[in-house]
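J.: For the record, the sequence lines run as chains G and S.
So that you can map any letter, position 81 of the first sequence is 81 in the UniProt record's numbering, and since no number is skipped, the others follow by simple counting.
So that you can map any letter, position 188 of the second sequence is 188 in the UniProt record's numbering, and since no number is skipped, the others follow by simple counting.
Derived from the structure by calculation, the hints contain no laboratory data.
Careful: at least some of the hints might be erroneous.
Copies of the same chain look alike in the list, so a pair counts if it works inside one copy or between any two.
[Unchecked claim] Okay, derived cross-link-like pairs now, DMTMM-like style, lysine to aspartate or glutamate, Cα gap no bigger than 20 Å in a straight line:
#: 1; residue 1: K321; residue 2: D215
#: 2; residue 1: K121; residue 2: D88
#: 3; residue 1: K326; residue 2: D215
#: 4; residue 1: K326; residue 2: D259
#: 5; residue 1: K84; residue 2: D271
#: 6; residue 1: K326; residue 2: D260
#: 7; residue 1: K316; residue 2: D215
#: 8; residue 1: K65; residue 2: E28
#: 9; residue 1: K121; residue 2: D94
#: 10; residue 1: K241; residue 2: E169
#: 11; residue 1: K34; residue 2: D259
#: 12; residue 1: K184; residue 2: D48
#: 13; residue 1: K117; residue 2: E173
#: 14; residue 1: K3; residue 2: D26
#: 15; residue 1: K41; residue 2: D51
All values reported here derive from a predicted model rather than from experimental measurement.
Number of protein chains: 2
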Amino acid sequence: MPKKVLVVGLGGVGVIAAYTLQLNADCEVSAVIKSDYEHVKSNGYELDSCDYGKIDSWRPNHYVKSVKEAVEFGPYDYVVVVVKNIPDVYNVEDIYADAVTKDTVIVLLENGLGIEKPVFKRFPGNIVLSGVSMISSANYSGKVHQNGPDFLTVGYFDNGVVSKELQQEKVDEFVKLYSTPQNKCIVDPDVKFTRWRKLLYNATFNTVCALVNLDVGRVTMFGGIETLIEPAMDEIIAIAKSDGVTLDPSLKHGMIHSDDGHYYAPSMLVDVRKGNQIELQVILGNALDIARENAVAAPILSIIYELLKLVQMRLKEQSGKIVLPKERPL
Amino acid sequence: MPKKVLVVGLGGVGVIAAYTLQLNADCEVSAVIKSDYEHVKSNGYELDSCDYGKIDSWRPNHYVKSVKEAVEFGPYDYVVVVVKNIPDVYNVEDIYADAVTKDTVIVLLENGLGIEKPVFKRFPGNIVLSGVSMISSANYSGKVHQNGPDFLTVGYFDNGVVSKELQQEKVDEFVKLYSTPQNKCIVDPDVKFTRWRKLLYNATFNTVCALVNLDVGRVTMFGGIETLIEPAMDEIIAIAKSDGVTLDPSLKHGMIHSDDGHYYAPSMLVDVRKGNQIELQVILGNALDIARENAVAAPILSIIYELLKLVQMRLKEQSGKIVLPKERPL
Chain G
1 MPKKVLVVGL GGVGVIAAYT LQLNADCEVS AVIKSDYEHV KSNGYELDSC
51 DYGKIDSWRP NHYVKSVKEA VEFGPYDYVV VVVKNIPDVY NVEDIYADAV
101 TKDTVIVLLE NGLGIEKPVF KRFPGNIVLS GVSMISSANY SGKVHQNGPD
151 FLTVGYFDNG VVSKELQQEK VDEFVKLYST PQNKCIVDPD VKFTRWRKLL
201 YNATFNTVCA LVNLDVGRVT MFGGIETLIE PAMDEIIAIA KSDGVTLDPS
251 LKHGMIHSDD GHYYAPSMLV DVRKGNQIEL QVILGNALDI ARENAVAAPI
301 LSIIYELLKL VQMRLKEQSG KIVLPKERPL
Chain S
1 MPKKVLVVGL GGVGVIAAYT LQLNADCEVS AVIKSDYEHV KSNGYELDSC
51 DYGKIDSWRP NHYVKSVKEA VEFGPYDYVV VVVKNIPDVY NVEDIYADAV
101 TKDTVIVLLE NGLGIEKPVF KRFPGNIVLS GVSMISSANY SGKVHQNGPD
151 FLTVGYFDNG VVSKELQQEK VDEFVKLYST PQNKCIVDPD VKFTRWRKLL
201 YNATFNTVCA LVNLDVGRVT MFGGIETLIE PAMDEIIAIA KSDGVTLDPS
251 LKHGMIHSDD GHYYAPSMLV DVRKGNQIEL QVILGNALDI ARENAVAAPI
301 LSIIYELLKL VQMRLKEQSG KIVLPKERPL
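When you get a sec, could you build the whole thing from the sequences and use the hints?
T.: Here it is, written out as C-alpha cells:
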C-alpha cells in the first residue's frame, strides 16, 4: 500500500515537494490547489527544474480545491504543510485540520521558530516533523521555476507523547520517501539547533531587508552588516543560548557571505514587494518571546519587530484586509 | 534704502517667504529659482494662499537661476536659506556662499538641529538667525498651494563673536520685515529650546513614518505610539537634557495629538514617497552625535538612524546618484 500524502500549499516549494514525492512509487500524492486549480486542471503544472529538467505537464495523483474535498482521498499518512505561516492573519492549523487523523504525521515545511507549538496544542500526540528547505523555486500561476537545488533537512519536533524511536522512524521513512537521485534529503538530528541556526539569517537579513526595501547585496554594500546585521545576529546567538542552543559565532561569517555575488532578495522582502503579509511572528516574534521570558536583551531585533508590525498593518490595509475611515477619527 | 534680501530655495515655504517679504516696501527681494525658472519668467508664480488669497501671477523683484547671478543684485542684508539640508549629499553653505558678505545676516529657515555649526565655521562673525516655520505649503512647478497659515519663530544662534544685542537687533529687524497682518512672526528668545522641542516630533514621527511608509494617523492607529514614538520621545528628552535643554515630558502629549483628525504625512515621509533624499543628518544624526558625546543611551533612535541610512542609500540609487554594478561584485 503506498503512503498517502497530502501537500497543502502549492507555491514554488510545495509543487516541487509534491512532484518529488510522487516520483516515488510508494507515495500517492494529493494536493490542495487554490488559485491555480483551473490552470492545473486544463494544463497541469509546467516545470522548469534544475533538479528534474523541463516537464511540460504534470499533475498530482489527486488535486482538489480545499482540504475538505481532500478528505475522500485519505486517510493521510503524511500532511505536508507548505503554506505561509502568519498566525496574526490566519490560523494555519485550521487550514489542514480536516485532513489530520490520529495517525497522521504532520510535516511542517515552513519558516521560523516555535511553529510546532500550536500544532502540538491542536493535535496532541500526533508526530510533527520539521522540514527545513534550502531551495529556490517560484510558482508563476502554474509555471514553476526551480533555480536552486532542493536540499531538505528533516527531523522531529519531540511531542513528548510518542517514543523518540517512533518519531525518528517517521523521520527516516519520510526522508526515504522524499529522496531522489537528484535532490538531497537528510535526517536532521537536532531540529531545534537547525531552526535557530536558520534564524541567524532569517531574523536579521530577512527583516532588515524587508524594512528598508533593499536586497542582501545592497544592505551589505551600503554598510548594514556592521551597523545592524552582525549586532542583530549576536542578539540571536544570545537568545538561542538562553534557549539551550549554542550557535558558534563563526556561523555569522558564513551567513553574511552566503549570498555573495548575488543581489539576493530574501522571502520577507519579496513578500513586502508583492504586497503580501510577512511571516513576522514565526521569523522574529517567537524568538523575542523567548528573549523576554529569559530576560535576554535584544534591542535591535525588538525595535525592528515593532517597526515591522507597523509594516504588517500597512500591508493589511494595502490588500484590503482592513479598511480605515476616510477621515481620521478623533 | 530698502533691505536687500536673497531667498535661496523656492519650494512651497520659500515662495511664501519671498512673497511675504516683498509685500514689505522696505524689502527688495531676489530669488534663486531652479526648476521653475522658465515657468516663472513666462507666467510668474500662481499662489493659492490661506493667508493671502489667490494671486494669478507673482514674481520676485529679481530672480535668477543661480546664486552667482544673484550677486549683481546685492550686496545682501539677508540671505534666507530654505533649501533642504542634506549634508551627506551636498554642502548647503556652498550653494549660497557667493551671496554672503561680512555684513550679511544668514537666516536658516531649515529643519533640524546643529544646522548653524557648519555655517559659523564657513562664515565666522556673520550673524545667523534661526527661523522655525509652522506652515503647510507646497510648490507644484510654479503653482503654490499654502494650506496652513504661516507662523514663523525667529531668533539668533549665538555666534559668540558679535554682541548679543546686535544679534537680537537683527532678529527684531527681520521679524518686522517679515510680519504682515495675515501671518504670525514672533521673536524666539531661546532658539536652542525651540529646535529641541521641534525635534521631539521630527526625530520620532518623521523618522518612523518614513521608515514604515505610513502617515502619523496610521502609525498612531496601528499602535506605534506606545511601542516606538513615545519611548523615542523620551530618548530625545534625555539627549536634550544632556545638552542643557529641559523639555517637559508633558510636551509629548501635545506632539502626539498635534495631527489628530488628519492622516498627516510628515516631510521625511513625503520625501521618501517622492524619491527625494531625506534630511536624516539634521533631523536625527546630529542629535545622536550629542547623545554619543554625552553618553546618553538612545537605542530606538540609533537603530532607526542606521535603518534610515540604508533607506537614504536606496533613495540615492533610485535617483541615479549612485550606480551599482549589474552583477554584485565578489
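J.: The structure should be examined with respect to each hint, and the outcome stated for every one.
T.: Here is how each hint holds up against the structure:
Within a single copy, K321 and D215 get their C-alpha atoms only as close as 27 Å, which misses the 20 Å cut-off; across copies the closest is 18 Å, which meets it. Proximity of K121 to D88 under the C-alpha cut-off of 20 Å is restricted to the intra-copy arrangement: shortest distance 17 Å within a copy versus 53 Å between copies. Taking identical chains as interchangeable, the C-alpha atoms of K326 and D215 lie at most 20 Å apart only when they sit on different chains, with a minimum of 14 Å there against 34 Å within one chain. In this assembly of identical chains, K326 and D259 lie within 20 Å of each other by CA distance solely across copies; the values are 15 Å between and 43 Å within a copy.
In the homo-oligomer, the alpha carbons of K84 and D271 lie at most 20 Å apart inside one protomer (10 Å), although the nearest pairing across protomers, at 33 Å, exceeds that limit. When the C-alpha separation of K326 and D260 is checked against a cutoff of 20 Å, the pair qualifies only between copies, where the shortest distance is 14 Å, while the shortest distance within a copy is 46 Å. For the identical chains of this complex, K316 and D215 are inter-copy neighbours only, at 15 Å across copies versus 22 Å inside a copy, given an alpha-carbon limit of 20 Å. Taking the closest pair of Cα atoms, K65 and E28 come within 20 Å of each other only inside a single copy of the chain (17 Å); across copies the shortest separation is 75 Å, beyond that limit.
Taking CA atoms no more than 20 Å apart as the test, K121 paired with D94 passes inside one copy only; the shortest distance there is 12 Å, against 66 Å between copies. Taking the shortest alpha-carbon separations for K241 and E169, neither the intra-copy value of 29 Å nor the inter-copy value of 64 Å comes in at or below 20 Å. Taking identical chains as interchangeable, the C-alpha atoms of K34 and D259 are never at most 20 Å apart, the minima being 32 Å within one chain and 43 Å between chains. Taking CA atoms no more than 20 Å apart as the test, K184 paired with D48 passes inside one copy only; the shortest distance there is 18 Å, against 68 Å between copies.
With identical chains, the CA atoms of K117 and E173 are never at most 20 Å apart, being 23 Å at best within one copy and 70 Å at best between copies. In this homomeric assembly, K3 and D26 come within 20 Å of each other (Cα to Cα) only inside a single copy, at 6 Å, whereas the closest approach across copies is 93 Å. In the homo-oligomer, the alpha carbons of K41 and D51 never lie at most 20 Å apart, since the shortest distance is 24 Å inside one protomer and 66 Å across protomers.
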